[in-house]
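S.K.: Read off the chains here:
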Amino acid sequence: MISVPKPADLVTVNIDGRDVAVPKGTNVIEAAKLIGVEIPHYCYHPKLSVAGNCRMCLVEMGMPAVDPATKAPIIDAATGKQKVNWMPRPQIGCGTNASPGLHIRTNTPLVKDCREGVTEMLLINHPLDCPICDQAGECMLQEHSTAYGRGYSRFVEQKNVKPKRTELGPRVTLDDERCILCSRCIRFSREIAKDDVLGFIDRGSYSTLTCYPGRKLENNYSLNTVDICPVGALTSTDFRFKMRVWFLKETPGIDPESSFGANTTVSSREGVLYRITPRRNDEVNDTWMTDSGRALYQQVRADNRITSPAVNGVASTHEMALRAAADLLVGRVVPDEPRGKTAHLANSPCPNGVAIVGSGRSSVEEQFLTKKLSAALQAPASLVSRVGEGDKLLLSADRNPNVRGALVVGLINKLPDAGDAATSPRSSDGGVAAAPVKTGGLEGLAADIDAGKVKTVFSLGEDLMAAGLTAAQLAKVAIIYLGTHQNATSAAAKVVIPTLTVFEKSGTFVNQQFRIQKFAQAVPGPAGVADDLATLAQLVAAAGGVPVPADLGSLWTALAAEVPALATVTHASLPATGLLLDATPWAALPFVEGETLHFKPAATAATT
Amino acid sequence: MPYLVDRKPLTLSERLYLPQILAGMRITMRHFFAPNVTMEYPEQRPAIPANYRGVPTLVKDPHGREKCVSCQLCEFVCPPKAIRITPGAVPADQPDRAHVEKAPKEFEIDMLRCIYCGLCQEVCPEEAIFLQNQYSLSGYTRAEMVNNKERLYELGGTLPDQHLKWDKKKAAAEVRGKAAH
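Quick mapping for you: the protein sequence lines, in order, are chains L and V. The first sequence begins at -9 in the working numbering and counts up one residue at a time. The second sequence begins at 356 in the working numbering and counts up one residue at a time.
Keep in mind that the hints were calculated from the coordinates and are not lab data. Built from N, CA and C at the ideal position, the CB exists for glycine as well. One thing to keep in mind: the hints can contain errors.
[Said to hold, decoys possible] Just a few of them, taken from the derived set where beta-carbon distance is under 7 Å, the chain V residues facing chain L:
1) 402
2) 404
3) 408
4) 426
5) 444
6) 476
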């Protein structure tokens, strides 16, 4: 998104007879887009350098005529306006920046001829693969051939034949015949991913995209090359032949992989997720996202998904599980020993013997309800920290997407301590070799359990064992586990209530910039799994708290009333690109994130 | 509104009765010797005209290979949403099919939904789906009325066309491969 510039920074260009003021440095394609004129292009990409090799964006250009000697405008006697000196040959729009008085014509016979010629040349060796091509339906070559092509073929010779399924890397398959040599993938690898592995070899129509000998396209950003490929040459090995794109329903999402908060488009058909692609947000992720974030949809249908509530390991109904959980929380059932023994703990931080482990993976709304529950039970809430290594691009060090949400709603007031229990990444991460993540932050809880102060632990999807608690400590307490997948904690839990993954619910995350961004439900949850907000709201009511609404709209009214940072916000009014919150109350906290795309940590930002 | 119908008086031959009976018998007798206009269905079946739109089926090419590449255009165009395809890849170890790359893993046409419009046949870029001359379909359960891929090929048989688009592609690739070595 172009920020609003000062009028002095605007230059006026004339496109197809219409004057438009655009910021200085805007190229002709973008300037035309501003007034709704499409200049077709293949190799140009707004976030990459300009290569100018596809020649599809040829337009006619001209400058107002002035007298060479006096610099006085030359007026055309017929129209009474300043004459325009049109260049005799067309120029590429992507390589030309708007300059004052520049005139563009995009609809003349010359431009039309150019487009037809370029399209014809690109189609010479392009195979008639559309029925089996995964790009069909979102293919720029298909669209531009229909809109700007000649409509018939004069080519009678044999088409060139090239390799059809080259594996460039573990996640990318190349169909060389379809490649139109736009070099977007090469420029992406070089400029954005900083992993310069791709290049062209051979000449003319034998040109072939390939990896540097001995190298593979296997960085964590390799699938972005598939997104920016204007044709079906680079395909995702995972999505290949799975579903035609015109069947997919697209839902806006947020990548829950780290606090970077990349904007995503979640594609599903009839309740089944097929792929996750980046959604453009120039303030956060531009048009990119990580490969590891794209693989997360697999967790929805994972084998170890919890689909039914359980009490003491026996499958139960949602109501019974809720009642059992409420009984444990308010102490109607004493887990191991008579309640009287804990009476001397009245002055301790957890007078009811209940501790809450919230989650930096919960949405802002869930964290708000968790806080309500914590207040109703007078139970201290802690968060599990997940610290990995940031890659300075689209993966931040904090692997919890929403720790700042917990700060904003007041669930916590300091950051969870960084742990040292290294956990291996989940198997559902789709074969992307993710850096190890250190999980922890529950040292206080562990000490309280050892001291016998805590009798019941309420965990919101957090695996306590992975977060540093021992099996012996887990055995000492009654655990209520609200989560999506089975783990050591769900196995040890007295009450297990299934919850929804991030793709099955709507909500908001606050990312590392304190930008609150919303995501929407893409697919329905498994049968019998209640909405997380409803589950939490029922627990709050059962714990004796003030009843809270369980639907997003009314919950946001409550949020606005109680959370100062969100006082003027409603869920409906949140822009698609997110809303920056005032971060000053938390400026002194030692956040773990390092520098990433569009983000500088406060400490570094101050020194630079 | 009621109104009166005048009953005409009978003519003489009508009053005589027998001439009318004989005239009727004559028509009856003529049909004894005229050719049949009905047939003994289902033992006898009518000849189906060409281009008849019967049950949609999947056909194989003259070499007995699957023609469908699961592009799902028929599924997209089907007005009553009777077609359901699960796409899949052709394994690389099938030498005469691997170059096509894509084939349906499952292909289902719900004949309780099908309206025999023929749009699937019209839209198919591979000429793999045809509405053929089968017109009578019955079953005891709803599930029986869903034709799966195996059944569709059984109904469809082989189409004796000689396009073999993918074979041409494969041959070109082999020529290019030899030239390269």
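S.K.: Each hint: holds or not?
M.R.: Structure-based check of all given hints:
1. 402: With a closest approach of 35 Å, the residue 402 (chain V) hint is violated.
2. 404: This hint is violated: residue 404 (chain V) lies away from chain L, its Cβ roughly 30 Å from the closest one there, beyond 7 Å.
3. 408: Violated. Min distance 23 Å.
4. 426: 4 Å, holds
5. 444: Hint holds; residue 444 (chain V) Cβ to chain L Cβ min 5 Å, cut 7 Å.
6. 476: 15 Å, violated
The earlier numbered hints that this structure contradicts are 1, 2, 3 and 6.
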